[in-house]
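S.K.: What follows is each chain in one-letter form.
Number of protein chains: 2
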Amino acid sequence: MEGPFLAVDWGTTNRRAWRIGAGGASEAEEKDERGMISVPPGGFAAEAAALRARLGDLPMLCAGMVGSNRGWAETAYVACPLDLEAIAAALLWVEPDRTALLPGAAMQGGRPDVMRGEEVQALGAVAAGLAPPDALLCLPGTHCKWAEMGGGRLEGFVTAMTGELFALLRDHSLLGAQLAAAVAPGPAFLEGVAASSGDLFARLFGVRAAALLGRRGDEDSAAYASGLLIGADVRARGVPGREIYVLAEPALGALYGAAIKALGGRAVAVDGRAAFLAGIGAIWRLT
Amino acid sequence: MEGPFLAVDWGTTNRRAWRIGAGGASEAEEKDERGMISVPPGGFAAEAAALRARLGDLPMLCAGMVGSNRGWAETAYVACPLDLEAIAAALLWVEPDRTALLPGAAMQGGRPDVMRGEEVQALGAVAAGLAPPDALLCLPGTHCKWAEMGGGRLEGFVTAMTGELFALLRDHSLLGAQLAAAVAPGPAFLEGVAASSGDLFARLFGVRAAALLGRRGDEDSAAYASGLLIGADVRARGVPGREIYVLAEPALGALYGAAIKALGGRAVAVDGRAAFLAGIGAIWRLT
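Residue numbers (the numbering used here), protein chains in the order written: chain D, 2 to 288; chain V, 2 to 288.
One chain only, chain D, in its complex shape:
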C-alpha cells in the first residue's frame, strides 16, 4: 500500500507508535507502557482507537507481542529463512482494511525458537543499509535475540534468556543483596566476561563466596555477574573476528559491545528505531 499509516511496535511491556507520512518519514511519535500485559482481554480495539485519536485516523500495522496468544489475536509464525515479503503476505487483519497484526518468526528445525517484533528490526536494518545483507545482529533485552542475516533475509536466530536470568538473580536469589549496584562495562564486568567460559552455575555462587572471603566488594559484584552472563551469551555465538551489529538502548548496548570486543569481535551500534521504521515501512509498501 501507499500513503500514510500508523506503525506500532507493541511489545510485552512497552509500546511505541508513529504516524508515517505519505513520503515515508515519521511525523509524530509516542512511547508509553501500554504493552500487551497492561491491556485487558478485549481491550485492544479501544487501545487502537485511542492511538488513532492522538496520531491520526489512519490504517495501522502492529508488530510484536500484540500478535501472541496473550495479545489482540494470535498470528502465525513464519518459518526462517524469511524476508519482508513473507511477513507482508502473512498479516492478520483484525479490523478489515484498518488494523493488521504482523506474524512472528520461527525456527522450525531441530532447535525450536520464536520471535515477535525483532524480525522487523533485523530485516529493516538491512533494508535501510544500517547493516550489510550478510551479518550477525544482536538485539539484547529481557531475552537477547541473535539474528543471522544472509542475502538480506533472516536465515535463522537464537534467543537467550540472558537479561531475564540477571533480573531473576538480582530480584529473587540469595545473591540479590549483592547485585544492587549499577552495571558498567568496567574492569569487574570484563573479569566476569573472562570467567564466563564454563561452569557458570559455580561461577555465580562464586559471587557470594568472593564477598564472604573478602575477595570482591559488592560495588563490583553486579558488574561481575552481568559479565558472566553476557559473556556466556556472546561466547555461544562464535564472534571472534566478526562484526556484530548491535541494536540496543545505549547502556545495554555498551555492555554487549564490551563483551563482544573482549571476546574478539567488533561491535557496531545500529539505531534500532530507524531499523524498525525502515522494516515496517517496507512491509506497508509490500502489503
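Derived list of chain D stretches under chain V, where covered just means 3 residues or more per stretch with a C-beta under 8 Å from a C-beta of chain V:
no., stretch
1, 104-118
2, 165-173
3, 193-202
4, 227-236
These aren't lab readings, by the way, just hints derived from the structure by calculation.
Beta carbons: idealized from backbone N, C-alpha and C, even for Gly.
Could you slot chain V onto chain D? The hints should help.
M.R.: Below, chain V without anything else, positioned relative to chain D:
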C-alpha cells in the same frame, strides 16, 4: 571428648538434632524447620536450651549455617585441604564447655568457594567407610556441593547454584507456568541432560519456544529444564569413567544419579544421615 553429646545439623531452613550416647550411637532424633533464618537475632541460646530440654542436658556441637554471619556467631573458614582434626581445632564455644559451633570450609585459591555443614558429611562418609578416601562426592540441594576427597581429606570443592536456579525459573520467570509439573528422571529429563552441553541460556528459552510451536507438552517441560540444569552441573565435574558418591534425599539423588549415568559416570548412593553422624561423632572425640 568422650561421653554423650547432642549433635545438631543447623542449616538455613531446616534443623536436625540427635542425642548421641556414650557408645557413639544415636539415641534420639528430631527434625524441624527451626533453621537459621527462623531464629531471631539473640534467640539461639534459647533454641539450644529448648533442644536440651527435649533431648537431654548435654554438651552440644552445631554444624552448618548457624555458624554464619546471620547465625548464632560467625565462625572461621578453615582452608582446604582439611580433615576432621582441623575442624575440631577450630570450634567456637559460644557457651563455655556447653555449646560449640563448627567452622566452615573455604577454597582460598584462585576460585573462592565456601561451605558450612557439608564438609562434616563428606569427611564423615569417608571416616565411616561409606566412600573411599579418594573420591568425588556430590551433595545436591539448593546449592550443589561437589567435594573432591584425597587421602581421606577434603582436598577441594565446588558449589553450583543449580537447585536455586531451577527454583528461580519455576517460581519467578516467564517459563514459570510451564515448569509446574513434577520432575522424574525419565525421557524428557534425559533429553535435557543430552542438550546441556552448551548455550544454556538459549536452551532454556527453547522450553518456551518448543511449547509455542507444539513440540513439547508442558507435562515434560519441567523435567527437560531440570535435565538441562543438572546436566550442565554434572558435565562441569569431569565424571566420565568415575564413581560419584551421591549424598541426597532420594528424589533429588535419583535425578543426579540419572544424569551422572547418562554422562558416563557411575553414581553410588550414600546415606547422608549416617555420614553426618560419623563426621560429627569423630569431631567430638577429637575435641
